[in-house]
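Residue numbers (the numbering used here), protein chains in the order written: chain A, 1 to 149; chain B, 1 to 82.
Everything labelled a hint here was simulated from the structure, so no lab data went into it.
Heads up, some of the hints might be wrong.
With beta-carbon atoms standing in for the labels, derived distance ranges [unchecked claim]: (1) B:I9 <-> A:Q105: 19 to 25 Å; (2) A:F90 <-> B:T33: 35 to 41 Å; (3) A:S71 <-> B:L45: 31 to 37 Å; (4) B:I38 <-> A:I4: 20 to 26 Å.
None of these values were measured; they are calculated from a predicted model.
No residue lacks a Cβ here, since even glycine has one placed at the ideal position from N, Cα and C.
So you can see what is in the structure, the chains are spelled out below.
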Amino acid sequence: MSPILKLFALPVSFIIICLGVLTILGGHITPGGGFQGGAMIAAGVILCVVVYGVKDSPIKFSHDFISLIESIGALGYVLIGLAGLLFSGFFLYNVGADFYNILPQMIVNIFHYPDPTNAGIVPYLNIFVGLKVFVGLSAVVIAFSEFKK
Amino acid sequence: MMLHLGPIIFGFIIGFILGTRLNTNSENAVKLTIASFIAIFIVILIIAWQLGPYPYYDDLPIATGFVSSAIGLIVAKLIFGK
Numbered sequence: 001m002s003p004i005l006k007l008f009a010l011p012v013s014f015i016i017i018c019l020g021v022l023t024i025l026g027g028h029i030t031p032g033g034g035f036q037g038g039a040m041i042a043a044g045v046i047l048c049v050v051v052y053g054v055k056d057s058p059i060k061f062s063h064d065f066i067s068l069i070e071s072i073g074a075l076g077y078v079l080i081g082l083a084g085l086l087f088s089g090f091f092l093y094n095v096g097a098d099f100y101n102i103l104p105q106m107i108v109n110i111f112h113y114p115d116p117t118n119a120g121i122v123p124y125l126n127i128f129v130g131l132k133v134f135v136g137l138s139a140v141v142i143a144f145s146e147f148k149k
Numbered sequence: 001m002m003l004h005l006g007p008i009i010f011g012f013i014i015g016f017i018l019g020t021r022l023n024t025n026s027e028n029a030v031k032l033t034i035a036s037f038i039a040i041f042i043v044i045l046i047i048a049w050q051l052g053p054y055p056y057y058d059d060l061p062i063a064t065g066f067v068s069s070a071i072g073l074i075v076a077k078l079i080f081g082k
């Protein structure tokens with residue numbers, strides 16, 4: 001790719017990645033969420049892969065990193081769901097907000113997301129989905145771009 | 001005024017995770033110095049100001065999740081980056 005693109009791509013991918021993180025973190029009260037934000041982060045990574053190539057890309061995801069983040073995303077989602085099952089009897093019950101008042105306040109405080117919206121576990125689910133999606137989509141593009149003719 | 005810690009903490013964590021993978025000293029890639037990161041950070045502050053207190057927060061006049069993710073990216077790059 002041309003030097004202009006190489007100069008331009010990394011700062012822009014920085015900004016796209018930060019916008020993706022912002023989309024994930026606002027997912028409980030605005031349009032967007034884990035999948036959309038994760039796709040935006042992956043777009044930043046893919047921009048670097050397309051412009052610099054897989055081998056010279058400034059944002060490199062190793063196989064171990066991809067499998068680790070995928071596992072954290074999937075396991076975190078399931079574990080938060082199991083926390084609801086454990087404390088309230090319902091899988092994925094919102095233990096951070098407790099709309100039915102069936103949990104002790106201490107457990108609600110543990111899972112409460114620290115912002116004024118009383119969203120409970122929803123932002124955490126968004127974060128885990130976002131982690132899973134950004135490595136998943138990036139892995140697809142990295143795998144395709146490593147194919148040889 | 002109370003600072004909402006959720007987007008600040010988790011924005012930093014996600015940015016930090018991504019920043020550990022940054023490698024700006026590759027031969028074909030453009031080399032980014034600390035001055036370049038400062039310039040990018042100033043641009044990010046301007047964008048965060050234009051975004052406003054997203055999403056509907058009222059603690060600071062900037063998008064805190066956006067800025068904290070950028071800080072996480074840069075801090076992780078400076079600590080773990082190659």
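Evaluation of the provided hints:
Separation of I9 (chain B) from Q105 (chain A) is about 22 Å and conforms to the stated range, judged on CB atoms against 19 to 25 Å. The hinted range of 35 to 41 Å is not satisfied by F90 (chain A) and T33 (chain B), whose Cβ atoms lie roughly 53 Å apart. Roughly 35 Å separates the CB atoms of S71 (chain A) and L45 (chain B), a value that falls within the hinted 31 to 37 Å. Remark: the range hint 20 to 26 Å for I38 (chain B) to I4 (chain A) is upheld by a beta-carbon distance near 22 Å.
Violated hint: 2 only; the structure is consistent with all others.
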